[in-house]
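Novice: Add chain B to chain W, keeping to what the hints say.
The lines below spell out each chain.
Protein chains: 2
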Amino acid sequence: MDNLYAGRMEALREMMRSRGWDAVLITGSDPHDSEYPAERWKQVAWFSGFTGEAGDLVVTLDHAGLWTDTRYFIQAEQQLSGTGIALHKTRVPGQVLIPEWLAGQGGDGEFILATDGLCVSARTVDGIRSSFLAAGRVCQVVSVPNLADFLWKDRPDIPQTPVSLVDPGESRWQRLDRVRSFLRENGCNHILISTLDDIAWTLNIRASDIEYNPLAISYLIISEDEARWFILKGQVEDGQTEAAFDAVGGDGVELCDYADIEMAVRELQGEVAADGSRLNAHLWDILQDAGIPVHDLPSPTALWKAVKNPTEIEGMRRAHLLDGVAVERFLYWLEKSMENERRISEWDAALRLQRYREEEPEFLYESFETISAYGPGAALPHYVTPRTDAPLLAPHGLYLCDSGGQYRFGTTDITRTVPLGPCSPLEQEDYTLVIKGHIALARATFPAGTPGCRLDALARAPLWAHYRNFGHGTGHGVGWFLGVHEGPQDIRQNLNPQALLPGMVVSDEPGIYREGLHGVRHENLLLCREAGHNDFGAWLRFETLTLCHYDTSILVTELLDRDEVIWLNEYNRRVFETLAPLLPAEVAAWLEEKTQPVVL
Amino acid sequence: MDNLYAGRMEALREMMRSRGWDAVLITGSDPHDSEYPAERWKQVAWFSGFTGEAGDLVVTLDHAGLWTDTRYFIQAEQQLSGTGIALHKTRVPGQVLIPEWLAGQGGDGEFILATDGLCVSARTVDGIRSSFLAAGRVCQVVSVPNLADFLWKDRPDIPQTPVSLVDPGESRWQRLDRVRSFLRENGCNHILISTLDDIAWTLNIRASDIEYNPLAISYLIISEDEARWFILKGQVEDGQTEAAFDAVGGDGVELCDYADIEMAVRELQGEVAADGSRLNAHLWDILQDAGIPVHDLPSPTALWKAVKNPTEIEGMRRAHLLDGVAVERFLYWLEKSMENERRISEWDAALRLQRYREEEPEFLYESFETISAYGPGAALPHYVTPRTDAPLLAPHGLYLCDSGGQYRFGTTDITRTVPLGPCSPLEQEDYTLVIKGHIALARATFPAGTPGCRLDALARAPLWAHYRNFGHGTGHGVGWFLGVHEGPQDIRQNLNPQALLPGMVVSDEPGIYREGLHGVRHENLLLCREAGHNDFGAWLRFETLTLCHYDTSILVTELLDRDEVIWLNEYNRRVFETLAPLLPAEVAAWLEEKTQPVVL
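Chains W and B, in that order, give the protein sequences. Using the numbering used here, read the first sequence as starting at 251 and increasing by one per residue. Using the numbering used here, read the second sequence as starting at 251 and increasing by one per residue.
Next comes chain W alone, as it looks inside the complex (with noise of 0.2 Å):
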């Protein structure tokens, strides 16, 4: 392993002396900045054995070091072991940046910079070369499109998977009209768009060109008159496939090969709206090489596709009815097999949860990899369950199990907190304390205009009078059949000024996570919804979408205030009446047990 990556560094290092680079920036990103890239997009895995979802390598030739986040520090140290590659952390005191890094860099003159231009957005490398400028000094940023290419022989290409069709309640030429509004207003003659849900949106389209992900890898170009969708990057086979396109261009979108967008932005005529946040830097430098005005703009369908139509919320709500099904089997199966002593691993929970999402007809595939983690591994909140030689559950202690599907109809996202068995004081309190924050949340009423920055103290304040607390979010916006993190609302630390909105998703997913022990994690999905105005203004209020009951047999009732449990009660009954004509008879029985309301 050690020397597959030497041997892949010493390879990049002398790209390097040969072209006179002083450092490469390898990203964790694709094209169109994705969260999640295609496998052909993991450069930095390939680089470094790093398989973490956030994180960015930078390598001069006498230092290698990869940037992440603590969600993914302990995994980085395991996998980086041997490497050579170093570890540098950020979202912590004291973090510095990577162009703060680069900038601090010793050499006289100026310092060369490559990457590829594709993987890198425009505002991270106009970051790069101002931190160089702060510093006294210059940065030329050379990009290099597929950089990886020179050394990655067996690089996987770009996929293409088969596209198919939605009906969210509102036609694409409808949401082609929105977006040709937009130009108008904004004085514009043309949209780049890049991100791939955005485009999916736009055009009623899903593909699965990435894992979890019903995406297409595509850009596309909307004009006042026209539409073009750089999807095409080899032969159609398939029959919905064909159809798909057929519909798409019935609206007058023009399918274009996805190797020809370069041309078509350079000899765009008039203003172009893109976004430099997200645009990638090479598209970027060629619409300013070409002179063409770009109106920097977050592109409007970001904020559209975050508020749902009524019929994309019955859809969410659909699929967490199903998807609620599926996982109070799951639940009851587990709960029986401990008490069976039957010999569970981690790995084969997860198999079995799969099963019964899939045994639901309208379940297409997972929204992310699932999260099976018992006891210690349940404290990493971005845990990797193993598939061979997997923990195996044990009757007693903290099972923690986070996962979800898309539905052609939504998508779902779920955690649930499981004891097994007897539970030590301190899973007990850390549950209840969860809990209590889970519900704060859920039950709150606040004023329309609030973002969900000021909610988010709700959900921790619980725990903080503990003096407990939780490192990562509390709530990601999710989408509809598209991705499960989903902006551009959300609910944590960062001071995002985006209010939640009516027809919003979220998650709420407080928890506690004790290195060694133990972790608690309860997650349902929330939709805001209007409640109403008096004289004090208009208000909104947060719909559980999530159907799945939570445990109460291990709630330290002394901790509960009697309308957390007035909550936690009508929830769980709520669950029960709800699912329980859905679910095979000792499935029903065993869940009004688990319902039964917990008496303060």
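It is possible that some hints are incorrect.
Said to hold, decoys possible - Not everything, but these chain B residues come out facing chain W in the computed CB check (under 7 Å):
id: 1; residue: 696
id: 2; residue: 698
id: 3; residue: 708
id: 4; residue: 784
id: 5; residue: 789
What the hints assert, rightly or not - Residues from chain W that keep clear of chain B, each with C-beta distances beyond 10 Å, as calculated:
id: 6; residue: 321
id: 7; residue: 384
id: 8; residue: 388
id: 9; residue: 483
id: 10; residue: 583
id: 11; residue: 590
id: 12; residue: 639
Just so you know, the hints here were simulated from the structure itself, not pulled from any lab data. Where is the CB? At the ideal position from N, CA and C, for every residue including glycine.
Specialist: Using the frame of chain W, we list chain B on its own:
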């Protein structure tokens, strides 16, 4: 009245016509960006009759408008009535702020805006110019220092009140030294400080140039080896001031004429630190025109003075002890007077409270104008208690009193809402919900690094749960024998990223206001303190500085949680035990009754 302001408006327009000005901006500020200007700089009131603390006037040849925020709408509507000046509302949806409004005014060619460059910040002027550029127009901002002088013939002079010294446990020399370290760290040769509380803090001086604020109207330039204080406006004739000047001079600070600041700024050699968001445009332009390199930075003193040292903290505790005695004596007098059916107006009550404070030798003067409001008056957070014919207090409903004091070792600010007899169910409910919000914040533990905006919802959530809210901030910083409003921290809806630090003092003042009915506000001052650290990080909490009981007689106990009752009982008990030895016997006995524990 109407003819007075109409006459002044016409005189202004005559001036505009003769000079070719398209508009005049009259700000409500002074050359030091003070929140409360001295009489001389109350030009908005002189031109319009509006006496609210936040308001700017814009006058064109055919329109005159006052821009102010929600706190003052009712007052503005009353005071502007008959003047021909329109109310432009800010801090509301659809607000059109002055720069945007000006840029939307008709006309070809350059737009000439005149303003007193001494009374507007450089940043504000930039903002106006930018708004015009964004609209494809050009605005020439003509600065006329002391513009009001042309029309306001009996305009007051710049105050010069006696100067005294304070001892905050850190010497003047140490503070100057800290500023000089800042200069070195930022590559600056000088810093120009124009904000009065920062100057007072740095030089350990106080004066009383502004009502309620112990400040000296002056400028301060600190350089590596020297410092100059531009304060002299006339002869100094009192011994205390001479002694203070001697002490300041002894630390190498040269006393200069206030009027000499322009020349001094013009002649600065080297690089200058100045805060463009606070320094007046007149002096900023002098720096720019002289080609002096300016580092646009906030003064480091802004943060330093917000973090109270141990001596200042002890001083704040002492101030609150003395203040608590006065307020409790007042509340006792109030209750007894109502029992005895005495005829008391809001103004009588405010005077009596002031008298109790004055009976404390170390009390200096009030920290702001007392808000003494019965019934409907309390529904206006910035109610101004009338001096004549003030409403009488009746033996039912709620009386609200918001007051504070300046002591040589601290500043106080407290609000109590007092039931004067039977209260409506709504009054009782509002009273109880506001207590819950107040307690949630007062008893919060939170991670080090948390900004106030993330705690704001803790104080609001108990109100939100009942669809109630308040339109003002939850908390503001408080100075150490300085301004009762002090930054940079706050606890409000704005996403201010300043973390709360140990040693900071903030108010905790949620409320519920029902126009025409009643208002409730409960306010204490909190001191941020360290609360240990553990595996989850470093923790902070609040110590309540204010010592005054909360009336429990109308609490709706069904709405209270066990933890809230525990906090309230402990707080009231601490108040009794701490103040009883300092109170007259009958007041102590009364207080013991009032602080009997609430039982759920």
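Novice: Now tell me, hint by hint, if it's right for this structure.
Specialist: Going down the list of hints, with the structure as the test:
{"no.": "1", "hint": "696", "result": "holds (5 Å)"}
{"no.": "2", "hint": "698", "result": "violated (10 Å)"}
{"no.": "3", "hint": "708", "result": "holds (6 Å)"}
{"no.": "4", "hint": "784", "result": "holds (6 Å)"}
{"no.": "5", "hint": "789", "result": "holds (6 Å)"}
{"no.": "6", "hint": "321", "result": "holds (16 Å)"}
{"no.": "7", "hint": "384", "result": "holds (12 Å)"}
{"no.": "8", "hint": "388", "result": "holds (20 Å)"}
{"no.": "9", "hint": "483", "result": "holds (42 Å)"}
{"no.": "10", "hint": "583", "result": "holds (34 Å)"}
{"no.": "11", "hint": "590", "result": "holds (37 Å)"}
{"no.": "12", "hint": "639", "result": "holds (29 Å)"}
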